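Single-letter residue listing:
Number of protein chains: 2
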Amino acid sequence: MKKYKKADFGVDKIRRFLEPGPVVLVSSAHADERNIMTMGWHMMLGYDHVGCYIWDRNHSRELIRKSRECVINVPTFELIDAVIGVGNTHGPDVDKFEAFGLTPAEAKKVGAPLIEECYANFECRMVDDSQADTYSLFVFQCVKAHVATSPKYPRTVHYRGDGVFMIAGENKSYRRKFKPEML
Amino acid sequence: MKKYKKADFGVDKIRRFLEPGPVVLVSSAHADERNIMTMGWHMMLGYDHVGCYIWDRNHSRELIRKSRECVINVPTFELIDAVIGVGNTHGPDVDKFEAFGLTPAEAKKVGAPLIEECYANFECRMVDDSQADTYSLFVFQCVKAHVATSPKYPRTVHYRGDGVFMIAGENKSYRRKFKPEML
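As they're listed, the protein sequences go chains P and W. Taking our numbering, the leading residue of the first sequence gets 1, the next gets one more, and so forth. Taking our numbering, the leading residue of the second sequence gets 184, the next gets one more, and so forth.
Rather than coming from a laboratory, the hints here were simulated on the basis of the structure. The reader is advised that the hints may include incorrect statements.
Said to hold, decoys possible - Pairs of lysine-lysine residues, derived as DSSO-like cross-links and limited to a Cα-Cα distance of at most 30 Å, are as follows:
| no. | chain 1 | residue 1 | chain 2 | residue 2 |
| --- | --- | --- | --- | --- |
| 1 | W | Lys355 | P | Lys5 |
| 2 | P | Lys6 | W | Lys355 |
| 3 | P | Lys3 | W | Lys355 |
| 4 | W | Lys360 | P | Lys177 |
| 5 | P | Lys2 | W | Lys360 |
| 6 | W | Lys291 | W | Lys335 |
| 7 | W | Lys186 | P | Lys172 |
Here the structure is a predicted model, which is why all the values come from computation and not from measurement.
Could you put together the complete structure from these sequences and hints?
Here it is in structure tokens:
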């Protein structure tokens, strides 16, 4: 499968890839276990902070709570089979890297593995799990970002529910209509 | 401007329109004031719960905190000028409905107005602002949903930062690849 050439990217600019709302793959590791989950419920909570909904039925939740780390990986349409497969497979039963042809790569600042085939990888440390019991909400701070050098705009997938995905379409700049301080 | 024909929609199914990550317009009202803000940072926090990032520099924040209500409106590409205009205009200075040609309509369960020209309108009550000071995070419960009867998949806009929007592209069903309990 295609692997992107990547470069370091500003951790305070990761919203360029998360704010549009793509489905992401969250990788985690603790002790001798590793896992991947598919996640559609996430949001920016500041320029380098991300809120993530990680359900208590996700096996990854335990690995993430214990390690207090994860990697948020941004897949593109080419990985749709892996995105669906990961989302439909329960963690401890299989190694999802092997099952779905994904390559783990060493992260720089966290123990969880990057997924090489993804367009972007955001290494994250958990900074707040105070709303975990109430809303399954975990807040992460991105501490290192790797982003493909091309294309500029990834063809991400966005989940509509009921088995339907929207694929990222046309990109248009309206920069001239923005006040400078709003850019 | 085009107005959609709408029908009542299940409040536990609104993720079909929010999970893909569109920019939304949040309308609010308190006493004799009303306002609209453009919002790109939001997430599902349960099937009828939505987390929203509402910055303390947004004038809407005060109206929403005082009324404990808002409407989350989903615009489509036809409204791009209003989306940008609302995002680039500060609340108390102008009436954004008048300034951007948007029509306020009475909601059923909240005091904030619906925006008629939007594809969907989700009437919301605030259920949690405990993370407002820390992360500008407000949690709302949708109490009434209105969704256009056609088209099935709206051509929403998704913010990439730097004045660039991605427009929702092709929709593909992979229903056959999902386990029934994952749909």
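To see whether the hints hold, each was checked on the structure:
1. W:Lys355 with P:Lys5: holds, 28 Å
2. P:Lys6 with W:Lys355: Measuring from Cα to Cα gives roughly 28 Å; hence the hint holds.
3. P:Lys3 with W:Lys355: holds, 24 Å
4. W:Lys360 with P:Lys177: violated, 43 Å
5. P:Lys2 with W:Lys360: holds, 22 Å
6. W:Lys291 with W:Lys335: holds, 23 Å
7. W:Lys186 with P:Lys172: holds, 24 Å
In terms of the numbered hints stated before, the structure departs from hint 4 and from no other.
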